[in-house]
Amino acid sequence: MATVHLDALFKRYANGVPAVNGVSLDVADGEFIVVVGPSGCGKSTLLRMIAGLETVTEGRVVIDGAEVNRREPGDRDIAMVFQNYALYPHMTVEGNMAYGLRNRRVPKAEIAERVRRAAEILELSELLQRRPSQLSGGQRQRVAMGRAIVREPKAFLFDEPLSNLDAKLRVQMRVEIKRLQRRLGTTAIYVTHDQVEAMTLADRLVVMNGGIAEQIGPPLELYDAPATTFVAGFLGAPAMNLLAAEWDGRFARLASGLALALPDLDRAPGPLTLGIRPEHLHFAADSRADATVELVEPLGADTLVHLRLGDAMVVARPTGTVGLASGDAVALDWPAAHIHLFDAEGRRILWTPSERETRSCLPVA
Amino acid sequence: MGPQVVFRSRVLPYLLVAPQLAVTLIFFFWPAAQGLRQSFLREDAFGLSTEFVGFENYATVLADPTYLEAFGRSLAMGALVAAFSMGLALLFATMADRVVRGAHVYKTLLVWPYAVAPALAGVLWFLMFNPTIGVVGYTLNRAGISWNHYLDGDQAFLLVVLAASWKEISYDFVFFLAGLQSIPRGVIEAAAIDGAGPARRFWTIVFPLLAPTSFFLLVVNIVYAFFETFAVIHATTQGGPGGATETLVYKVFNDGFIGLDFGSSAAQSAILMVIVSLLTVAQFRLLDRRAEA
Ligand SMILES: Nc1ncnc2c1ncn2[C@@H]1O[C@H](COP(=O)(O)OP(=O)(O)O)[C@@H](O)[C@H]1O
Ligand SMILES: [Mg+2]
Numbered sequence: 000m001a002t003v004h005l006d007a008l009f010k011r012y013a014n015g016v017p018a019v020n021g022v023s024l025d026v027a028d029g030e031f032i033v034v035v036g037p038s039g040c041g042k043s044t045l046l047r048m049i050a051g052l053e054t055v056t057e058g059r060v061v062i063d064g065a066e067v068n069r070r071e072p073g074d075r076d077i078a079m080v081f082q083n084y085a086l087y088p089h090m091t092v093e094g095n096m097a098y099g100l101r102n103r104r105v106p107k108a109e110i111a112e113r114v115r116r117a118a119e120i121l122e123l124s125e126l127l128q129r130r131p132s133q134l135s136g137g138q139r140q141r142v143a144m145g146r147a148i149v150r151e152p153k154a155f156l157f158d159e160p161l162s163n164l165d166a167k168l169r170v171q172m173r174v175e176i177k178r179l180q181r182r183l184g185t186t187a188i189y190v191t192h193d194q195v196e197a198m199t200l201a202d203r204l205v206v207m208n209g210g211i212a213e214q215i216g217p218p219l220e221l222y223d224a225p226a227t228t229f230v231a232g233f234l235g236a237p238a239m240n241l242l243a244a245e246w247d248g249r250f251a252r253l254a255s256g257l258a259l260a261l262p263d264l265d266r267a268p269g270p271l272t273l274g275i276r277p278e279h280l281h282f283a284a285d286s287r288a289d290a291t292v293e294l295v296e297p298l299g300a301d302t303l304v305h306l307r308l309g310d311a312m313v314v315a316r317p318t319g320t321v322g323l324a325s326g327d328a329v330a331l332d333w334p335a336a337h338i339h340l341f342d343a344e345g346r347r348i349l350w351t352p353s354e355r356e357t358r359s360c361l362p363v364a
Numbered sequence: 000m001g002p003q004v005v006f007r008s009r010v011l012p013y014l015l016v017a018p019q020l021a022v023t024l025i026f027f028f029w030p031a032a033q034g035l036r037q038s039f040l041r042e043d044a045f046g047l048s049t050e051f052v053g054f055e056n057y058a059t060v061l062a063d064p065t066y067l068e069a070f071g072r073s074l075a076m077g078a079l080v081a082a083f084s085m086g087l088a089l090l091f092a093t094m095a096d097r098v099v100r101g102a103h104v105y106k107t108l109l110v111w112p113y114a115v116a117p118a119l120a121g122v123l124w125f126l127m128f129n130p131t132i133g134v135v136g137y138t139l140n141r142a143g144i145s146w147n148h149y150l151d152g153d154q155a156f157l158l159v160v161l162a163a164s165w166k167e168i169s170y171d172f173v174f175f176l177a178g179l180q181s182i183p184r185g186v187i188e189a190a191a192i193d194g195a196g197p198a199r200r201f202w203t204i205v206f207p208l209l210a211p212t213s214f215f216l217l218v219v220n221i222v223y224a225f226f227e228t229f230a231v232i233h234a235t236t237q238g239g240p241g242g243a244t245e246t247l248v249y250k251v252f253n254d255g256f257i258g259l260d261f262g263s264s265a266a267q268s269a270i271l272m273v274i275v276s277l278l279t280v281a282q283f284r285l286l287d288r289r290a291e292a
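Going line by line, the protein sequences match chains B and A.
If you read the first sequence in numbering that gives the first Met the number 0, its first letter stands for residue 0, the second for the next number, and so on.
If you read the second sequence in numbering that gives the first Met the number 0, its first letter stands for residue 0, the second for the next number, and so on.
Some hints could be false.
[Claimed, not checked] If the Cβ cut is set under 7 angstroms, some of the chain B residues that face chain A in the computed set are: (1) 1; (2) 52; (3) 79; (4) 85; (5) 89.
Quick caveat, the hints were computed from the structure, so don't treat them as lab data.
In this text, all values refer to a predicted model and were calculated from it rather than measured experimentally.
For glycine and all other residues, C-beta sits at the position ideal for the given N, C-alpha and C.
Model the full structure from these sequences, guided by the hints.
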């Protein structure tokens, strides 16, 4: 149990690739941090620097108050779960779990006790004498978890630990990991590219893009107020609708010709990006024809309606089923309280419309 | 199993395997059969008459103290060549596996000796150790260590072992390097996080995972030391001095082609064949068992 503090971390690989470009983060004791981002954004590199598997080009890694930049991985008192589990193929399940304790010269009786307890928690008691090759994917995953928890480390590091499991098992293990971390109270840093995993597991999320942390905060805060268009587009499935618009002082004019009144926006005219989540884009009981239905995907609980809006495509997500078919013309309702605005650089524009209620910004021809 | 080809013609498949079959039959089975037949015969000194003697040649060979000595010598050579070449190859491979810069040059240089013909390798080492004109031999003698492998049997034996090992290092190196590179990096990293230092990681993770490779190389090296060293010995000591480097294979040659005792030579060949078969069977069995696990 410990705090982890990252101070302006940089990593440039030997071939010149700048993988991490200055990430700072304060992880509280017992906190569950999820680092999420697309493939190649530097998540693994960041985690491996904390583990000591990659050297730090610049910046500091501080675990429990002590800088560990130059410490060997084995001396940092952290445990890591790898995507492919990295179990020792020539050792039994028991051997895999005991290895780290034996290296640290923990007394035999205590090793046996800790392994027994971990095996019980993870339902591995029957499998202790098996080798990794005789286990299913889910069981191997458990062994990898077991190897981490018997050590009782200061922090758990996870690098996409569920990516190799099928969808059902992934959900099950996700719940289990969260429960285990709560029960043990161990600080955890978890890397994933799966935004559902990220949203459900995290106390706080770090959204990474191109080696930098775009935004750090509780999942719902990031979902409700994304700081950049990247975060807006990355969190949520289907993604937030992002539309290029021209602000003329009174209206935001979309490329399709649609104009939205943005009350109380105090801003010089110029380009901006307008965002709205599919679940917030409503159909208006109106005879206007703002958009054309291209495709209807009923999912049961709700429906995805893909709409053509001039050159752009947007998705609406009404609950239940809707009586729409492709080709239908519909009018749209844009509740001001749910419209996100971003400037030309993709940064969030602070905007508090006085009409916070679901009031349509009437499209103007 | 990949997709299987089904032949319509009944003749074509046989035609396709015929060349391979012919080569095996003519160059392996036929001489082997000849040898086996010969091992049960005795020829008179002028090669005029032969007589069937059953297992008498075998009995003579196995009771011959020089044969048993050659047997021990071969075993020692096998053990030494395997130990030398595998030990050094593993060391080099472990280091090459870590090299980032210039790894290609390093690996290429280490593989080169394998391209040198065994006889040349032998001559090369003998020249280097030549007591009067060899760099090493001369230096040794100057330093007060008396070196003359033309007279000292143990030194000659050691030199044959060195020459044979030198070539074999390259071969073992390639396999060890491939073996090392097939160990997932994550496993090594997990061990590092589990608090194992480099030495402990090597002995508890890397070495056990290389066991199948090591066993394969052990068999190959022993077979090599038994048979392929013929060229080295023939080009250098010719079994001398005083029989100090006469291995089983060299004795087959000596007794057969120099001593013209074909019956005994053939019986010795047959025994060698049995030894190789046993080694190969043992190897396949073990590899099979590994594959199942
Ligand atoms: N060992 C390495 N050497 C050079 N470049 C690397 C190495 N590992 C990763 N990279 C590069 O660094 C960037 C970040 O990689 P990584 O941290 O693995 O991303 P992620 O885990 O988010 O998918 C990528 O562009 C990748 O190609
Ligand atoms: Mg990764």
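Here's how the hints hold up against the structure:
no.	hint	result
1	1	violated (16 angstroms)
2	52	holds (5 angstroms)
3	79	holds (5 angstroms)
4	85	holds (3 angstroms)
5	89	holds (5 angstroms)
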